[in-house]
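Trainee: What follows is each chain in one-letter form.
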Amino acid sequence: MNVSELLAALPDDEAQAALDSEWARARLREILADLASRPAPAGSLHRLWTLSEISAQIALAYLAWWVRQWFSGAEASKRRLMETNLRAALKLFHRLGYLRGAMTKLGQAAGNLPGVLPQQAAEILDRLHCEAPPMHYPLIREVVRNEFGKRAEEMFGSFEKKAFAAASLGQVHRARLKSGEAVAVKIQYPGIARTIDADFRNLSALLLPLRLDQEWDAVKSHFEEVRRMLNQEVDYVQEAESTRLAGELFRPGDGIVVPRVYAEYSGKRVLTTEYLQGLHLTDYLATNPPQASRNAFGTKMYIAWMRMYCAYMPYADPHPGNYLFMNDGRLGLLDFGCVQRYGPEEREIMRLADRMANDDSSLMPEVIRRVCGVSEGDAEYPEYLKMMKESCDWMMEPVVRPGPFDFGNESHFQRGMDWFVRVNRQRTTRSKPMYVYWNRSVFGIKAMLFRLRAQVDAHEVVRQERPKIKREE
Amino acid sequence: MKALFYERAHIMRITAEAKFETRQRIVSAAIRLFSAVGWHDATTRAIAAKAGIATGTLFNYFPTKEAIAAELIAEAMQRASESFSAKEGEELPLDADLFTLVWSGLSNLREYRKFLGPAAETIFSPLARPSPNSAGDAIRIDHLELVEATVDRHGFRDGLSLVAVQLYWTLYLGVFAFWAADDSPGQEDTLALLDRSLKLFVASLRTDRGDE
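In order, the protein sequences belong to chains Y and V. For the first sequence, position 452 (counting from the first letter as 1) is numbered 452 according to the numbering used here, and the numbering increases by one without interruption. For the second sequence, position 144 (counting from the first letter as 1) is numbered 1144 according to the numbering used here, and the numbering increases by one without interruption.
Everything labelled a hint here was simulated from the structure, so no lab data went into it. We treat Cβ as the ideally placed atom computed from N, Cα and C, and that holds for glycine. A few of these clues could be false.
[What the hints assert, rightly or not] If you want the ones that stay clear, here's a sample from chain V, every Cβ over 10 Å from chain Y, calculated:
#1 1021
#2 1035
#3 1038
#4 1043
#5 1045
#6 1067
#7 1082
#8 1145
#9 1148
#10 1154
#11 1165
#12 1211
[What the hints assert, rightly or not] Restricting the straight-line Cα-Cα distance to at most 25 Å, the calculated cross-link-like pairs of lysine to any residue (SDA-like) are:
#13 V:1199 to Y:164
#14 Y:150 to V:1104
#15 Y:161 to V:1094
#16 V:1087 to Y:137
#17 Y:162 to V:1193
#18 V:1199 to V:1169
#19 Y:161 to V:1093
#20 Y:161 to V:1150
#21 V:1199 to Y:165
#22 Y:150 to V:1081
#23 V:1087 to Y:146
#24 Y:150 to V:1113
#25 V:1087 to Y:174
#26 V:1087 to Y:151
#27 Y:150 to V:1186
#28 Y:150 to V:1180
#29 Y:161 to V:1085
#30 Y:150 to V:1091
#31 V:1114 to Y:149
#32 Y:162 to V:1156
#33 Y:432 to Y:359
#34 V:1087 to Y:148
#35 Y:468 to Y:346
#36 V:1199 to Y:194
#37 V:1199 to Y:151
#38 Y:161 to V:1104
#39 Y:162 to V:1083
#40 Y:150 to V:1184
Sequences are here, hints too, so could you generate the full structure?
Mentor: And the structure:
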């Protein structure tokens, strides 16, 4: 995604109003231009953007709202303070665009945590330093030795010293097993995983002044969910298990490939999987693929996303770096670190919400009560009811009518973004922690299909996949 | 005449072997004592007793306990330098090269690290310039020469400025002290600290040279 596309991702009216202060808009442009010109940590600008583009869209929309809030109706005496906050926010955004790892993910999650006062969140996030710099080979060798007691050269038949992709808090290398199989070896930067809990402890301490806010409990539980998911993401043993479970969901006829995990070459900080060959989204689009091909890949993406959801393990991080467009028409799914694994309570809520969305809208009050903790008699109920209705309408729009739905339709995507911004502005955001990543998952898959300009018979996919939801545990 | 020559040579060899053997006994006793009672509580008298020699005899070999620990460090770093020099054909970025050199030295010292932390505080001077009576001078000088040669090999032909040498040495000592007390799994925190320290050092060299 280039700079102009990113700017275009800002909701127009909001963005104009928000960035009416010319210097702010100029500064944002400068930052984006600078990001585009700086050498990315992993050595590839393309990779950097593919990693963060969805979050960037969401973050930008959020930023626009945030900025607008500061400037609208502000007294002159407060403007200086607001400008200072804006500078801090732009600095934060600048950093988010450049870093990978927990910082980036925390920043992404901030868009889902509007209960926190933005400037406070920005200041807090600004203090956390979890970036993972690129690793040279001698360091890789030591990480592998720590994990397996052997050097990479001894473990593998061959091992490419240069990484071919960036990963969550690490990087990925091509290698070949001694038995000949081509594999991808994901290696994590040393020590970084153990910083997450410490960072969150600091964060909690810094958030203490917010405890009197009525949204505090929701904010706290959302942060706890982010902490839990980040810890899960950096534990490659868990990722190996999620990959294995996901692999069981697909059959060869689906045309969807989950790479095999080589458990004996994997551990907490090193994950070895089958190497899949294919193009990432931008490279695929550069081949100017026919609509039929886009639709076929889009349908597979939607099936994969829906199937994992029905298996109570939503793919919480659908971004371009995690999909491979293979030459033979199959879709490769990569990176299962950010997969939610629903427990009994979450499964029950998911089934309830699913019935509400598909079969029985009269369940809405019950869903609002269970998910948001807001009952019909409560003062904020009307706002939550409106939010839930709009959410359902947008979510279900591709599904309600049989036949292909054009996910490339800008107005559909834009309406979702507008809804998200509006909900944040109104702070009708109390929800179960599971929805922090659910939002990311929904925006992620729709953003992927939007960029792919795919037409998918979502109605038919849902009809096929929904029965796979296990009704009883 | 010839027989007398061989006899003398034989006696000298025995003497050299005996000296070497005593030296080894002292080092070995010191390691055991440092490990058992800690650096600060291990006295030269106790080391001599553990080695089964008189305290005065110990001083013929090592003037201080710092000198014993310095010998351990010097030996480990010498091995690291040799294996590092043997790998010179391998093309790596400068920070990776220096990482290999430093980590290899620390790895060779791994089993002694618990007492080398406090030992290093008295062995090494924080200043990169030679300091009187520091048991670590020779080690520092050898190490810095190797660092300078490595930096030169990577195209920094003007050598290291005094500031650059001091920066490197400060970072090195910081990593060494951190490593000695690092209980993270596989000492992964030291790996990260060393990596970041060397990136910082190389970045400063580039800035000095006026690189973009």
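Trainee: Decide, hint by hint, whether the structure agrees.
Mentor: Outcome of the hint check:
no., hint, in the structure
1, 1021, "34 Å, holds"
2, 1035, "23 Å, holds"
3, 1038, "27 Å, holds"
4, 1043, "37 Å, holds"
5, 1045, "40 Å, holds"
6, 1067, "31 Å, holds"
7, 1082, "17 Å, holds"
8, 1145, "21 Å, holds"
9, 1148, "20 Å, holds"
10, 1154, "13 Å, holds"
11, 1165, "23 Å, holds"
12, 1211, "13 Å, holds"
13, V:1199 to Y:164, "21 Å, holds"
14, Y:150 to V:1104, "15 Å, holds"
15, Y:161 to V:1094, "15 Å, holds"
16, V:1087 to Y:137, "14 Å, holds"
17, Y:162 to V:1193, "21 Å, holds"
18, V:1199 to V:1169, "14 Å, holds"
19, Y:161 to V:1093, "12 Å, holds"
20, Y:161 to V:1150, "21 Å, holds"
21, V:1199 to Y:165, "21 Å, holds"
22, Y:150 to V:1081, "22 Å, holds"
23, V:1087 to Y:146, "22 Å, holds"
24, Y:150 to V:1113, "22 Å, holds"
25, V:1087 to Y:174, "23 Å, holds"
26, V:1087 to Y:151, "16 Å, holds"
27, Y:150 to V:1186, "13 Å, holds"
28, Y:150 to V:1180, "23 Å, holds"
29, Y:161 to V:1085, "20 Å, holds"
30, Y:150 to V:1091, "22 Å, holds"
31, V:1114 to Y:149, "22 Å, holds"
32, Y:162 to V:1156, "24 Å, holds"
33, Y:432 to Y:359, "22 Å, holds"
34, V:1087 to Y:148, "23 Å, holds"
35, Y:468 to Y:346, "17 Å, holds"
36, V:1199 to Y:194, "22 Å, holds"
37, V:1199 to Y:151, "23 Å, holds"
38, Y:161 to V:1104, "19 Å, holds"
39, Y:162 to V:1083, "23 Å, holds"
40, Y:150 to V:1184, "19 Å, holds"
Checked against the numbered hints above, the structure breaks none of them.
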